[in-house]
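A.B. asks: Take a look at the letters that make up each chain.
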Amino acid sequence: MGKFEVNLKINNIPVTVEEGTTILDAAKKLNFRIPTLCHHSDLCVAGNCRVCVVEQKGAKALPAACATPVSEGMDISTNSAQVRTARRHVIELLLSEHRSECTSCYKNGKCELQDLANEYRVNETTFMKLVENKGYTIDDFSPSIIKDDSKCIRCQRCVRTCTEMQSVSALAVVNKGEHQKIATFMNKPMHSVVCTNCGQCVTHCPTGALIEKNYIDQVWDVINNPELHVVVQTAPAVRIGLGESLDLSPGNRVTGKMVSALRRLGFDSVLDTDFTADLTILEEGTELLTRLKKALVDKDTETALPMTTSCSPGWVKFIEHKYPELLPNVSTCKSPQQMFGALAKTFYAQKKGLKAEKVVSISIMPCTAKKYEANRPEMRDSGFQDVDYVLTTRELAMMIRQAGIEFASLPNEKYDSIMGDSSGAAVIFGATGGVMEAALRTAYEIVTGREVPFENLDILPVRGLEGVKEAKVLIENVKPEWGFLEGAELSCAIAHGLANAKILMDKVKSGEMSYHFIEIMACPGGCLGGGGQPIPVNNEIREARMKAIYEEDSSLKIRKSHENPEVIALYEQFLGEPLGHKSHELLHTHYTGRKKY
Amino acid sequence: MTDVKELIQAKVKCIGAKREALMPILQAIVEEKNYLNEEDMIQVAEALDLSTADVYGTATFYTFLDTVPRGKYVIRVCKTISCHMAGKDEIVDTLKDLLKVDLGETTPDKNFTLMQANCMGWCHKGPVMLVNDDIYTELTKDKVIKIIHDYMGS
Numbered sequence: 001m002g003k004f005e006v007n008l009k010i011n012n013i014p015v016t017v018e019e020g021t022t023i024l025d026a027a028k029k030l031n032f033r034i035p036t037l038c039h040h041s042d043l044c045v046a047g048n049c050r051v052c053v054v055e056q057k058g059a060k061a062l063p064a065a066c067a068t069p070v071s072e073g074m075d076i077s078t079n080s081a082q083v084r085t086a087r088r089h090v091i092e093l094l095l096s097e098h099r100s101e102c103t104s105c106y107k108n109g110k111c112e113l114q115d116l117a118n119e120y121r122v123n124e125t126t127f128m129k130l131v132e133n134k135g136y137t138i139d140d141f142s143p144s145i146i147k148d149d150s151k152c153i154r155c156q157r158c159v160r161t162c163t164e165m166q167s168v169s170a171l172a173v174v175n176k177g178e179h180q181k182i183a184t185f186m187n188k189p190m191h192s193v194v195c196t197n198c199g200q201c202v203t204h205c206p207t208g209a210l211i212e213k214n215y216i217d218q219v220w221d222v223i224n225n226p227e228l229h230v231v232v233q234t235a236p237a238v239r240i241g242l243g244e245s246l247d248l249s250p251g252n253r254v255t256g257k258m259v260s261a262l263r264r265l266g267f268d269s270v271l272d273t274d275f276t277a278d279l280t281i282l283e284e285g286t287e288l289l290t291r292l293k294k295a296l297v298d299k300d301t302e303t304a305l306p307m308t309t310s311c312s313p314g315w316v317k318f319i320e321h322k323y324p325e326l327l328p329n330v331s332t333c334k335s336p337q338q339m340f341g342a343l344a345k346t347f348y349a350q351k352k353g354l355k356a357e358k359v360v361s362i363s364i365m366p367c368t369a370k371k372y373e374a375n376r377p378e379m380r381d382s383g384f385q386d387v388d389y390v391l392t393t394r395e396l397a398m399m400i401r402q403a404g405i406e407f408a409s410l411p412n413e414k415y416d417s418i419m420g421d422s423s424g425a426a427v428i429f430g431a432t433g434g435v436m437e438a439a440l441r442t443a444y445e446i447v448t449g450r451e452v453p454f455e456n457l458d459i460l461p462v463r464g465l466e467g468v469k470e471a472k473v474l475i476e477n478v479k480p481e482w483g484f485l486e487g488a489e490l491s492c493a494i495a496h497g498l499a500n501a502k503i504l505m506d507k508v509k510s511g512e513m514s515y516h517f518i519e520i521m522a523c524p525g526g527c528l529g530g531g532g533q534p535i536p537v538n539n540e541i542r543e544a545r546m547k548a549i550y551e552e553d554s555s556l557k558i559r560k561s562h563e564n565p566e567v568i569a570l571y572e573q574f575l576g577e578p579l580g581h582k583s584h585e586l587l588h589t590h591y592t593g594r595k596k597y
Numbered sequence: 598m599t600d601v602k603e604l605i606q607a608k609v610k611c612i613g614a615k616r617e618a619l620m621p622i623l624q625a626i627v628e629e630k631n632y633l634n635e636e637d638m639i640q641v642a643e644a645l646d647l648s649t650a651d652v653y654g655t656a657t658f659y660t661f662l663d664t665v666p667r668g669k670y671v672i673r674v675c676k677t678i679s680c681h682m683a684g685k686d687e688i689v690d691t692l693k694d695l696l697k698v699d700l701g702e703t704t705p706d707k708n709f710t711l712m713q714a715n716c717m718g719w720c721h722k723g724p725v726m727l728v729n730d731d732i733y734t735e736l737t738k739d740k741v742i743k744i745i746h747d748y749m750g751s
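Protein chains in written order, with the working numbering: chain A, 1 to 597; chain B, 598 to 751.
Derived from the structure by calculation, the hints contain no laboratory data.
As the structure is a computational prediction, the values presented were derived from the model and not from experiment.
Cβ atoms here follow ideal geometry from the backbone N, Cα and C, with glycine treated the same way.
Possibly wrong hints are sitting among the right ones.
[Claimed, not checked] With a Cα cut of at most 27 Å, we get these calculated DSS-like pairs of lysine-lysine: (1) K615/B <-> K509/A; (2) K608/B <-> K595/A; (3) K697/B <-> K743/B; (4) K676/B <-> K176/A; (5) K129/A <-> K57/A; (6) K181/A <-> K596/A; (7) K615/B <-> K188/A.
[Stated by the list, open to error] Covered, in the sense of this in silico footprint (three residues per stretch, anywhere, with C-beta under 8 Å from a C-beta of chain A), are these stretches of chain B: (8) 643-657; (9) 692-699.
[Unchecked claim] Okay, the calculated beta carbon distance ranges per label pair: (10) A607/B <-> E481/A: 33 to 43 Å; (11) G701/B <-> E5/A: 53 to 63 Å; (12) A408/A <-> L662/B: 54 to 64 Å; (13) E5/A <-> P621/B: 26 to 36 Å; (14) F658/B <-> M128/A: 18 to 28 Å; (15) T660/B <-> H584/A: 52 to 62 Å; (16) F658/B <-> N133/A: 43 to 53 Å; (17) A607/B <-> G593/A: 50 to 60 Å.
Next comes chain A alone, as it looks inside the complex:
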């Protein structure tokens, strides 16, 4: 049944749209931009900021364009004198409760409220400033996120993000009227409540109320210290996101330029998290096959299946809180960041003839939860903190600006060695379904001796932005040592965004669905949509980044983790074999059940 069409006029131009379309979207169709603050295409309509008001002929009040569906014969004006005055007053009222210290604000130049204040030429003296009278809290106890109430305009994007996209609800609207604010349970600091540090609230906050905790100055300090050898690793999703923070359009692959920029910033060695992503596949793939053997052949009832991935620290913290009883199902593999950190101060230091205490390891991540992960007490297997500082993609962009590097004209350079080689399978870790695809490319080949039976190694069923995906792979004509898997159908599931993770894990927990292997990424779209990635983000941008990731994969000669020459050498020279003694010591970890509520 087709939808009814509605005819209306916007700024005297007739337009026909589907019933149910908002005035905001109808105006967009005619290329009229209506300003918004509380509206976000990822989230449900709130209609609370009122900055999108428009004039409707014959109506008494000004309707909010984001929350009002069109109706037949509507006559809308998006830019009348009344509309402009109303919007200016709305912005001025918001500013009366906003600590506008723009020059020293971390979001200076990237703040949606600041942009609107500029656009509407506001007068900050129209309304009395209330910030100092009301008092406010700045919570900077978390290693990942800073929450500053004095910058909050109560648009509630963070609350909707945390609830709708992540099923966490660490943040809620508390109190009422003039006392209303966004807070955690009992106004506790973020680090002490059920929060996964995923940073989606940060990427959805229009102002400086929620930002990542930045470690830029600390990183400059270690770079400038001649005594120290500073290595940097870059996560898969950084290379397809970084450009957006440096004036390039979404979907630009900037791997080579990023490597050049890091070298020019003064890092002693520019290395790749993709190297340890490949390593993760060998460890995790072997772990999966070992678990399958234990469960199917040895009939070991203590072996937990399905096995879930452990790369996403937001997901790990989520399962520690929400499903502590399922922790045995989580792969014991550390994330690629932490594998890299543990090797940087052991294998790498030895190979380069460096003292481990003189090696500083920095990582560039699309993620705020990685900052928390690096600070976990378990992540010190090298004898030191394995990863010293974690910077988000946005912080790296800021350093590149600070250094005066003109990014767009940089040459393409290659990663240093050792721990700089990678495969296409590692790059796709940055997209939802990527770890699954990479694992299948390797595990299938280990078991059968043949390449995974998909054209060009592209396992399409696991790709894309659908919330929960499933795939089945039939394993036939196996090598003799894997005889027990002959004819087996490997059943896999993938979820991204913690709300989807919850849907999937509830089904696993209740026994409604059974799988062998599950990939979960905390952020919508996977790491490419991570809490440390450039702002803004929406599905269109996620699609562009995803396209870039798969292009990067296709462009590489080596596309299977087990063919990464440096990984092969690492096993020969240092680790021995996957799941071997040394691996257990450095590359595997354990998890902690945490409070559920």
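Given the coordinates of chain A, work out where chain B should sit on it, guided by the hints.
C.D. replies: Positioned in the frame of chain A, the structure of chain B alone reads:
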């Protein structure tokens, strides 16, 4: 000491564990022990599988759901315009003087908490106040002194 857990379980049994059970459960706890503490809200969150922040947000929105300890008698003087014009300031001052507390405070013996509230729908008989669930209208200084002395004696 009331067992809040049992109270919640009993409520869940008759009204279910869906989100709409949140308000009646919070009200029942407040009715029983005057206010909601951290542990109570955690237990409610657990029983209904809601986030604690969500429960806290709801509890702090409603004036009658207290999240800090209150006295045995909670006095709420209407602060809205009709009662204001009918002289609620004198009533508040009398109460402050009698109880030796400021607005929002509780007497050291934990018997009285003095607060203001929004309109209670008695505009024609202002100024008014609530003591727990009992309404007192057309208040004067002398009337208030007598009412409070009666509570003190009881």
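A.B. asks: What's the verdict on K181/A and K596/A, does the C-alpha distance respect the 27 Å limit or exceed it?
C.D. replies: Cα-Cα ~24 Å, so holds.
A.B. asks: Below or equal to 27 Å on CA atoms is what counts here, so check K615/B against K188/A.
C.D. replies: Distance of about 26 Å is within 27 Å: holds.
A.B. asks: Would you check the hint for K608/B and K595/A, treating anything up to 27 Å between C-alpha atoms as holding?
C.D. replies: holds (24 Å)
A.B. asks: Would you mind confirming whether the straight-line C-alpha gap from K697/B to K743/B stays at or under 27 Å?
C.D. replies: Within the cut-off at roughly 16 Å; holds.
A.B. asks: Could you say whether the range 52 to 62 Å given as a hint is met by the Cβ separation of T660/B and H584/A?
C.D. replies: holds (58 Å)
A.B. asks: Would you mind confirming whether the straight-line C-alpha gap from K129/A to K57/A stays at or under 27 Å?
C.D. replies: violated (34 Å)
A.B. asks: Looking only at beta-carbon atoms, does the pair F658/B, N133/A fall within the given range of 43 to 53 Å?
C.D. replies: violated (22 Å)
A.B. asks: Could you tell me whether the CB distance from E5/A to P621/B stays inside 26 to 36 Å?
C.D. replies: violated (45 Å)
A.B. asks: Regarding the pair K676/B and K176/A, is the alpha-carbon distance no greater than 27 Å?
C.D. replies: holds (16 Å)
A.B. asks: Taking the Cβ atom of G701/B and the Cβ atom of E5/A, is their distance within the range 53 to 63 Å?
C.D. replies: holds (57 Å)
A.B. asks: Mind checking the hinted window 54 to 64 Å against the Cβ distance between A408/A and L662/B?
C.D. replies: 56 Å Cβ-Cβ, so the 54 to 64 Å window holds.
A.B. asks: With a cut-off of 8 Å between beta carbons, are at least three residues of the segment 643-657 of chain B near chain A?
C.D. replies: holds (count 10)
Checked against the numbered hints above, the structure breaks hints 5, 9, 10, 13, 16, 17 and satisfies the rest.
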